[in-house]
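Protein chains: 2
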Amino acid sequence: MEITLARYAGFCPGVRRAMRMAQEVLGDPERPAFSLGPIIHNPQVVEELERRGLRILPEDPGEWEAAGLAGSRVIIRSHGVRPHLAERLADMGAETVDATCPTVKKAQKAAMRLVGEGYHLFIIGNREHPEVQAILGHVNRDAVVIKETRELKEWWEGQTRMVRKIGIIAQTTVDLLTFRSLVEGLITEVPEMIREVSEMKLINTLCRNTLARQAEALQLALSHDLVVVVGGRNSSNTEFLRRICETAGARTVKVETAGELDTSLLEGVSRVAVVGGASTPRERLEEIRRLLASG
Amino acid sequence: MEITLARYAGFCPGVRRAMRMAQEVLGDPERPAFSLGPIIHNPQVVEELERRGLRILPEDPGEWEAAGLAGSRVIIRSHGVRPHLAERLADMGAETVDATCPTVKKAQKAAMRLVGEGYHLFIIGNREHPEVQAILGHVNRDAVVIKETRELKEWWEGQTRMVRKIGIIAQTTVDLLTFRSLVEGLITEVPEMIREVSEMKLINTLCRNTLARQAEALQLALSHDLVVVVGGRNSSNTEFLRRICETAGARTVKVETAGELDTSLLEGVSRVAVVGGASTPRERLEEIRRLLASG
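For the record, the sequence lines run as chains A and G. Residues are numbered in the working numbering as their position in the first sequence, beginning at 1, plus a constant of 40. Residues are numbered in the working numbering as their position in the second sequence, beginning at 1, plus a constant of 40.
Chain A with its partners taken away, still in its complex shape (with noise of 0.2 Å):
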């Protein structure tokens, strides 16, 4: 059997930035270190840091009073932070240390720019993913979120009022054909819109990464019989690569650890690739590797 493992494994270089915040902030044994949240989207990797020491602090502020957050550091993480929480934390005497990734960053600063200049905001992605949450935080609320072209249909039909400038980003990790058949789903899906918005602007706030690591999964789907995609369940990313493959026509499987793959999948297949999320170790990979060429 052959094993290709794809090129872009493991960390992406929000993430890698943020664990190295992480690890700063764990060597000052003298102050107590939280997420908001846990810091990426892999339940392995939030544990281990858990197991050194960095405590989760949970996401409702309501409960903050308790963890004692006086003189902490809290890291931001990668998916960035409503504005108010942020500010909440520094009232709480916390030390806030930013790890929103910088092409998030720049998603956050289009959508406040969009909404400053008169647009009426799209975001396409997931509503409840943290990354559009702290988005939706940046323009206090102000977006409609869609990830269906239906949606946009909807909200059309439920608008009462004109709406004249049209604004839209997505979410960094959506993924290019989902991106491009809600732009072009605006177009065809709602005919009215294109003559009744004086203006629509487009802001790409798609991650290159994303799009690369999501470029090589379409042709290792293409050319593999069967795909392994490994990350964290609750990983956007890692959903949209398992679905570009599915896409693709390859037999695919997602998992989280080498623990969980079903070796009984491998009958009659020749070829695997192992893919991976942008919050997936490389050394995650590594194992299922071994494990498939054992197996």
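No wet-lab data here; the hints were simulated from the structure. Please note: incorrect hints may appear among the correct ones.
One copy or two, either will do: identical chains are not told apart, so a pair holds if it fits within one copy or between any two.
SDA-like mimics (lysine to any residue), calculated; alpha carbons at most 20 Å apart, straight line [stated by the list, open to error]:
1. Lys146 / Val237
2. Lys145 / Ser238
3. Lys193 / Glu224
4. Lys146 / Arg204
5. Lys145 / Glu239
6. Lys193 / Tyr48
7. Lys205 / Glu224
8. Lys145 / Gln173
9. Lys146 / Ser238
10. Lys149 / Ser238
11. Lys145 / Met202
12. Lys205 / Glu42
13. Lys146 / Asp131
14. Lys146 / Glu307
15. Lys149 / Glu327
16. Lys145 / Pro321
17. Lys146 / Ile43
18. Lys146 / Ala126
19. Lys187 / Tyr48
20. Lys205 / Arg113
21. Lys145 / Arg57
22. Lys205 / Glu157
23. Lys187 / His124
Given chain A's structure and the hints, the job is docking chain G onto it.
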């Protein structure tokens, strides 16, 4: 035979304004009155103004010396003018009377704004149309004019440098279907574009009067056996009306005057509609109606 005259018949507000300004200029017998090119795209109207003393200045400034412009008044037609030509007229002692349609003026401003903000400008429309030529003049010709999706692809393939910001406007009289399909084409025909481009800004410069006229023509074409489209042969908006009626499946004939109408076309026809371009006087449509009623 049932004959329907379009409700949107006669001059659009921009043409009406230009005609009013022409009357004013002609009202001063002391000063020679010119228009820079035919004031609107309707030869019969232009001939009538010429009979009343308006002289048409050639578009090539090389021929202006001979015209004797000092002390004259020169009307800038509804389509607008390239700024350097307006300056040249002033240098030669002419007073310019700006009859540029306010909607066209908005398109010129949108073009300048986009180029000023660093967008690579696309103009959806006909390169040879005087409105487009005037818009191009306002941005030092720093724009790409497209009227078919394949031109987008060709342009993209011919690019050697990275284009990061794309701005889009349209000739004001382009029909909604052309506009939509070209905007859509940007996303579907050049799939790389949405990945490479970091910002895309579209300013809807379509004329609302033109859109209403087009919508009415479409509706009439769907409910009549024959549509007579009346307008100047050079008139862009009249030609779009003809195309819309033809696309709707109606038998369609375009004429400049009643004299051109071949009444043998009426055989077997029970419902006829008469529509006119933005620079077609209402009387011309009435003439056609009378001819149809008698024929």
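Taking the hints in turn, this is what the structure says about them:
Within a single copy, Lys146 and Val237 get their C-alpha atoms only as close as 25 Å, which misses the 20 Å cut-off; across copies the closest is 15 Å, which meets it. In this assembly of identical chains, the alpha carbons of Lys145 and Ser238 lie at most 20 Å apart only when taken from different copies (15 Å versus 28 Å within one copy). For a Cα distance limit of 20 Å, the shortest separation of Lys193 from Glu224 qualifies both inside one copy, at 13 Å, and across copies, at 17 Å. Only between protomers do Lys146 and Arg204 lie at most 20 Å apart by alpha-carbon distance; the minimum there is 15 Å, versus 25 Å within a single protomer.
In this homomeric assembly, Lys145 and Glu239 come within 20 Å of each other (Cα to Cα) only across copies, at 16 Å, whereas the closest approach inside a single copy is 25 Å. For the identical chains of this complex, Lys193 and Tyr48 are neighbours neither inside a copy (37 Å) nor across copies (30 Å), given an alpha-carbon limit of 20 Å. When the C-alpha separation of Lys205 and Glu224 is checked against a cutoff of 20 Å, the pair qualifies both within a copy, at 17 Å, and between copies, at 18 Å. For the homomeric pair Lys145 and Gln173, the shortest alpha-carbon distance inside one copy (13 Å) is at most 20 Å, but the shortest distance between copies (41 Å) is not.
In the homo-oligomer, the alpha carbons of Lys146 and Ser238 lie at most 20 Å apart only across protomers (11 Å), although the nearest pairing inside one protomer, at 25 Å, exceeds that limit. Taking CA atoms no more than 20 Å apart as the test, Lys149 paired with Ser238 passes between copies only; the shortest distance there is 14 Å, against 23 Å inside one copy. Taking CA atoms no more than 20 Å apart as the test, Lys145 paired with Met202 passes in neither setting, with 30 Å inside one copy and 23 Å between copies. Taking identical chains as interchangeable, the C-alpha atoms of Lys205 and Glu42 are never at most 20 Å apart, the minima being 52 Å within one chain and 43 Å between chains.
With identical chains, the CA atoms of Lys146 and Asp131 are never at most 20 Å apart, being 26 Å at best within one copy and 49 Å at best between copies. Taking the shortest Cα distances, Lys146 and Glu307 never come within 20 Å of each other, neither inside one copy (45 Å) nor across copies (66 Å). Neither within a single protomer nor between protomers do Lys149 and Glu327 lie at most 20 Å apart by alpha-carbon distance, with minima of 39 Å and 60 Å respectively. Neither within a single protomer nor between protomers do Lys145 and Pro321 lie at most 20 Å apart by alpha-carbon distance, with minima of 23 Å and 57 Å respectively.
Taking the closest pair of Cα atoms, Lys146 and Ile43 never come within 20 Å of each other, the shortest separation being 37 Å inside a single copy and 60 Å across copies. For a Cα distance limit of 20 Å, the shortest separation of Lys146 from Ala126 inside one copy, 18 Å, qualifies, whereas the shortest one across copies, 43 Å, does not. Proximity of Lys187 to Tyr48 under the C-alpha cut-off of 20 Å is found in neither arrangement, the shortest distances being 26 Å within a copy and 41 Å between copies. Taking CA atoms no more than 20 Å apart as the test, Lys205 paired with Arg113 passes in neither setting, with 41 Å inside one copy and 40 Å between copies.
In the homo-oligomer, the alpha carbons of Lys145 and Arg57 lie at most 20 Å apart inside one protomer (14 Å), although the nearest pairing across protomers, at 50 Å, exceeds that limit. Proximity of Lys205 to Glu157 under the C-alpha cut-off of 20 Å is found in both arrangements, the shortest distances being 9 Å within a copy and 17 Å between copies. Proximity of Lys187 to His124 under the C-alpha cut-off of 20 Å is found in neither arrangement, the shortest distances being 26 Å within a copy and 49 Å between copies.
Taken one by one, the earlier hints fail for this structure at numbers 6, 11, 12, 13, 14, 15, 16, 17, 19, 20 and 23, listed in ascending order.
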